[in-house]
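Numbering (UniProt numbering), first residue to last: 1 to 85.
Among these hints, one or two may not hold up.
[Said to hold, decoys possible] Straight line, CA to CA, 35 angstroms or less: simulated DSBU-like cross-link-like pairs of lysine-lysine:
#: 1; residue 1: Lys62; residue 2: Lys33
#: 2; residue 1: Lys39; residue 2: Lys62
#: 3; residue 1: Lys29; residue 2: Lys39
#: 4; residue 1: Lys62; residue 2: Lys29
[Unchecked claim] DEER-style ranges, computed between Cβ atoms:
#: 5; residue 1: Lys62; residue 2: Leu27; range: 28 to 38 angstroms
#: 6; residue 1: Phe56; residue 2: Ala26; range: 13 to 23 angstroms
#: 7; residue 1: Lys62; residue 2: Leu23; range: 26 to 36 angstroms
#: 8; residue 1: Phe56; residue 2: Leu32; range: 23 to 33 angstroms
#: 9; residue 1: Ala24; residue 2: Ser46; range: 13 to 23 angstroms
#: 10; residue 1: Lys33; residue 2: Phe56; range: 29 to 39 angstroms
#: 11; residue 1: Leu65; residue 2: Lys33; range: 13 to 23 angstroms
#: 12; residue 1: Lys39; residue 2: Leu63; range: 11 to 21 angstroms
The set of hints was computed from the structure by calculation and includes no laboratory data. All of these numbers come straight from a predicted model, not from anything done at the bench. Here a beta-carbon is modelled for each residue, glycine too, at the ideal position from N, C-alpha and C.
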Amino acid sequence: MWLGCTDPAQQGSRKPRQHRRALALALRKARLKRLFRRKVVGLLYSDHVVRNGPQFRAQACKLGLEGAISKRPIDRMCRVTVGSG
């Protein structure tokens, strides 16, 4: 999912966009949560779950859920790298 600028008024702006992966996970999740205010068929936003990863995964499997994503601690930031493929 691209979380970039979708406002046509800003498309011509020469201001550089902030790369979303450079934001702390907590900020990225907050932005994503705002996008999910509107119901999206087939997608469900879930709050951050700290610890108990194996139990969380077991429960998700039991319920037949797919797409649970594991991230490093919420206060860390991603390292952005540019490369080919």
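Hints and how they fare:
Restraint check: the Cα-Cα separation between Lys62 and Lys33 comes to about 25 angstroms, which is no more than 35 angstroms; the hinted pair holds. Between Lys39 and Lys62 the CA atoms are separated by roughly 24 angstroms; this keeps the pair inside 35 angstroms, and the hint holds. Between the alpha carbons of Lys29 and Lys39 the distance comes to roughly 16 angstroms, so the proposed pair stays at or under 35 angstroms and holds. With a C-alpha separation of about 25 angstroms, the suggested pairing of Lys62 with Lys29 holds against the 35 angstroms cut-off.
Between Lys62 and Leu27 the CB atoms are about 32 angstroms apart, so this pair conforms to the stated range of 28 to 38 angstroms. Between Phe56 and Ala26 the C-beta distance comes to about 18 angstroms, which sits within the given range of 13 to 23 angstroms. With their beta carbons about 33 angstroms apart, Lys62 and Leu23 fall inside the hinted range of 26 to 36 angstroms. For the pair Phe56 and Leu32, the supplied restraint of 23 to 33 angstroms is violated, since their beta-carbon distance comes to about 18 angstroms.
Between Ala24 and Ser46 the beta carbons are some 18 angstroms apart, a value that agrees with the proposed interval 13 to 23 angstroms. The hint said 29 to 39 angstroms for the Cβ distance between Lys33 and Phe56, and at roughly 18 angstroms that hint is violated. In this structure the supplied range 13 to 23 angstroms holds for Leu65 paired with Lys33, their Cβ-Cβ distance being about 18 angstroms. Our hint of 11 to 21 angstroms for Lys39 and Leu63 holds, since their Cβ atoms are close to 19 angstroms apart.
Of the numbered hints stated above, those contradicted by the structure are hints 8 and 10, listed in ascending order.
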